[in-house]
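**Student:** One letter stands for each residue in the lines below.
There are 2 protein chains.
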Amino acid sequence: MRQPIKHCRSCGTEVAYRLPPDGDTRERAVCTACETIHYENPLNVVGTVPYWGDKVLLCKRNIEPRWGKWTLPAGFMELGESVAQGAARETVEEAGATFEMEGLLSILSVPRVGQVHLFFLARLTSERFDPGHETIEARLFAEDEIPWDDIAFRTVRETLERYFADRKVGRFNVHTVDID
Amino acid sequence: MRQPIKHCRSCGTEVAYRLPPDGDTRERAVCTACETIHYENPLNVVGTVPYWGDKVLLCKRNIEPRWGKWTLPAGFMELGESVAQGAARETVEEAGATFEMEGLLSILSVPRVGQVHLFFLARLTSERFDPGHETIEARLFAEDEIPWDDIAFRTVRETLERYFADRKVGRFNVHTVDID
Numbered sequence: 001m002r003q004p005i006k007h008c009r010s011c012g013t014e015v016a017y018r019l020p021p022d023g024d025t026r027e028r029a030v031c032t033a034c035e036t037i038h039y040e041n042p043l044n045v046v047g048t049v050p051y052w053g054d055k056v057l058l059c060k061r062n063i064e065p066r067w068g069k070w071t072l073p074a075g076f077m078e079l080g081e082s083v084a085q086g087a088a089r090e091t092v093e094e095a096g097a098t099f100e101m102e103g104l105l106s107i108l109s110v111p112r113v114g115q116v117h118l119f120f121l122a123r124l125t126s127e128r129f130d131p132g133h134e135t136i137e138a139r140l141f142a143e144d145e146i147p148w149d150d151i152a153f154r155t156v157r158e159t160l161e162r163y164f165a166d167r168k169v170g171r172f173n174v175h176t177v178d179i180d
Numbered sequence: 001m002r003q004p005i006k007h008c009r010s011c012g013t014e015v016a017y018r019l020p021p022d023g024d025t026r027e028r029a030v031c032t033a034c035e036t037i038h039y040e041n042p043l044n045v046v047g048t049v050p051y052w053g054d055k056v057l058l059c060k061r062n063i064e065p066r067w068g069k070w071t072l073p074a075g076f077m078e079l080g081e082s083v084a085q086g087a088a089r090e091t092v093e094e095a096g097a098t099f100e101m102e103g104l105l106s107i108l109s110v111p112r113v114g115q116v117h118l119f120f121l122a123r124l125t126s127e128r129f130d131p132g133h134e135t136i137e138a139r140l141f142a143e144d145e146i147p148w149d150d151i152a153f154r155t156v157r158e159t160l161e162r163y164f165a166d167r168k169v170g171r172f173n174v175h176t177v178d179i180d
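Protein chains in written order, with the working numbering: chain Z, 1 to 180; chain F, 1 to 180.
Isolated chain Z, as found in the complex (with noise of 0.2 Å):
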């Protein structure tokens, strides 16, 4: 999903894969000129669970991946912001709803795509959203009426099964998932 390195982020210069003489074991794209070295490493995606009652609010895609599909709001963690700060400023923007910031409730590795997602509890304070462009409908769902075969993302989905299954017996844990 993400494009190898060809060229030096600093000078322009091809780049080449191997080990950095710094103890590293891992290869690396080192610029054959300046020999700078450029790590690539995983990407958080941040977001929430907002919820209504016994209902939650989900968002139907309106960009790719997943077009017309629905996931929780989320995006990825920009520089300058707290894990918290960012799912909040995702669900403001994807879905335009008020709320309350509560604890972490999950955080799924996803190796294969080199991604983290980490989802927060948020409490909506109004049943009013004001979706924003990536968004085509914001909606409470009940547990019930939840579209499982529609959901975008495994993380999204493993993260509302956990949702739902800790507010039946009353108390939220803090869920670490790997998926493969």
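In short, the hints are calculated from the structure, not lab data. Incorrect hints may appear among the rest.
Each pair may be met inside one copy or between any two copies, as identical chains are not told apart.
To be verified - In silico lysine to aspartate or glutamate, DMTMM-like type, Cα no more than 20 Å apart, as pairs:
no.: 1; residue 1: K6; residue 2: E35
no.: 2; residue 1: K60; residue 2: D24
no.: 3; residue 1: K69; residue 2: D130
no.: 4; residue 1: K60; residue 2: D22
no.: 5; residue 1: K60; residue 2: E137
no.: 6; residue 1: K6; residue 2: E40
no.: 7; residue 1: K55; residue 2: E161
no.: 8; residue 1: K60; residue 2: E27
no.: 9; residue 1: K60; residue 2: E78
no.: 10; residue 1: K69; residue 2: D178
no.: 11; residue 1: K168; residue 2: E137
no.: 12; residue 1: K55; residue 2: E102
no.: 13; residue 1: K6; residue 2: E137
no.: 14; residue 1: K60; residue 2: E81
no.: 15; residue 1: K55; residue 2: D22
no.: 16; residue 1: K168; residue 2: E127
Please arrange chain F on chain Z, whose structure you already have, making use of the hints.
**Tutor:** Frame of chain Z, contents of chain F only:
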């Protein structure tokens, strides 16, 4: 700490920082030739709190920054691994410890440097260590022996404080911390 992007990683042409045409609200490094958009996002640092009875394992750093200061085993998460796998790998690399991974203890956002630090509990199964080249010495410390004035990073100090506080009440929580 990270150098700004000057050249396109795909074609090597100079980039310009500007709003991409896709509705993005942040300026990105966009290639002036092939229009590739280059994103920069926070990095995850993953590690453990390795414990043995009432003691925790700290490593004296043999690398900059903070050479000679004490830290928990931790390092940058790599592509192709989960957060827990990365934390375990760093614990092997830096301390040569043998242990069983347990639950997540802390997740600390450090927006100023674009990092998220995650620490897992790790139950040591031996008190013999074999530190790697990044570590001068690996040693067990009881709470009243911790060299608080010589801890390398604030995220490590905050994590150790929460570890000992939780241990006193006999129950470990997941601590979400924002560090200015």
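**Student:** Under a CA distance limit of 20 Å, which applies to K69 and D178: within one copy, between copies, both, or neither?
**Tutor:** neither (23 Å within a copy, 33 Å between copies)
**Student:** At most 20 Å between alpha carbons: which applies to K60 and E137, within, between, both or neither?
**Tutor:** within (5 Å within a copy, 53 Å between copies)
**Student:** My question is about K6 and E35: at a cut-off of 20 Å on alpha-carbon distance, are they close within one copy, between copies, both, or neither?
**Tutor:** both (14 Å within a copy, 15 Å between copies)
**Student:** Classify it for me, K168 with E127: is the Cα-Cα distance of at most 20 Å met within a copy, between copies, both or neither?
**Tutor:** neither (22 Å within a copy, 42 Å between copies)
**Student:** At most 20 Å between C-alpha atoms: does K60 with D24 qualify within a copy, between copies, both, or neither?
**Tutor:** Result: close only across copies, 19 Å inter versus 43 Å intra.
**Student:** Given a CA cutoff of 20 Å, do K168 and E137 count as a within-copy pair, a between-copy pair, both, or neither?
**Tutor:** Neither way: K168 and E137 sit 27 Å apart in one copy and 48 Å across, limit 20 Å.
**Student:** Please work out whether the CA atoms of K55 and E161 approach to 20 Å or closer within one copy, between two copies, in both situations, or in neither?
**Tutor:** within (13 Å within a copy, 37 Å between copies)
**Student:** When no copy is specified for K6 and E40, does a C-alpha distance of 20 Å or less occur within a copy, between copies, both, or neither?
**Tutor:** both (13 Å within a copy, 17 Å between copies)
**Student:** Quick one: K60 to D22, C-alpha cut-off 20 Å, is that within a copy, between copies, both, or neither?
**Tutor:** between (47 Å within a copy, 19 Å between copies)
**Student:** When no copy is specified for K55 and D22, does a C-alpha distance of 20 Å or less occur within a copy, between copies, both, or neither?
**Tutor:** For K55 and D22, neither the intra-copy (53 Å) nor the inter-copy (32 Å) Cα distance is at most 20 Å.
**Student:** Within a copy, between copies, both or neither: which one fits K55 and E102 at a CA-CA cutoff of 20 Å?
**Tutor:** Intra 16 Å, inter 32 Å, cutoff 20 Å: intra-copy only.
**Student:** Are the CA atoms of K6 and E137 at most 20 Å apart within a copy, between copies, both, or neither?
**Tutor:** The answer is neither: 40 Å in one copy and 39 Å across copies each exceed 20 Å.
Checked against the numbered hints given earlier, the structure breaks hints 8, 9, 10, 11, 13, 14, 15 and 16 and satisfies all the rest.
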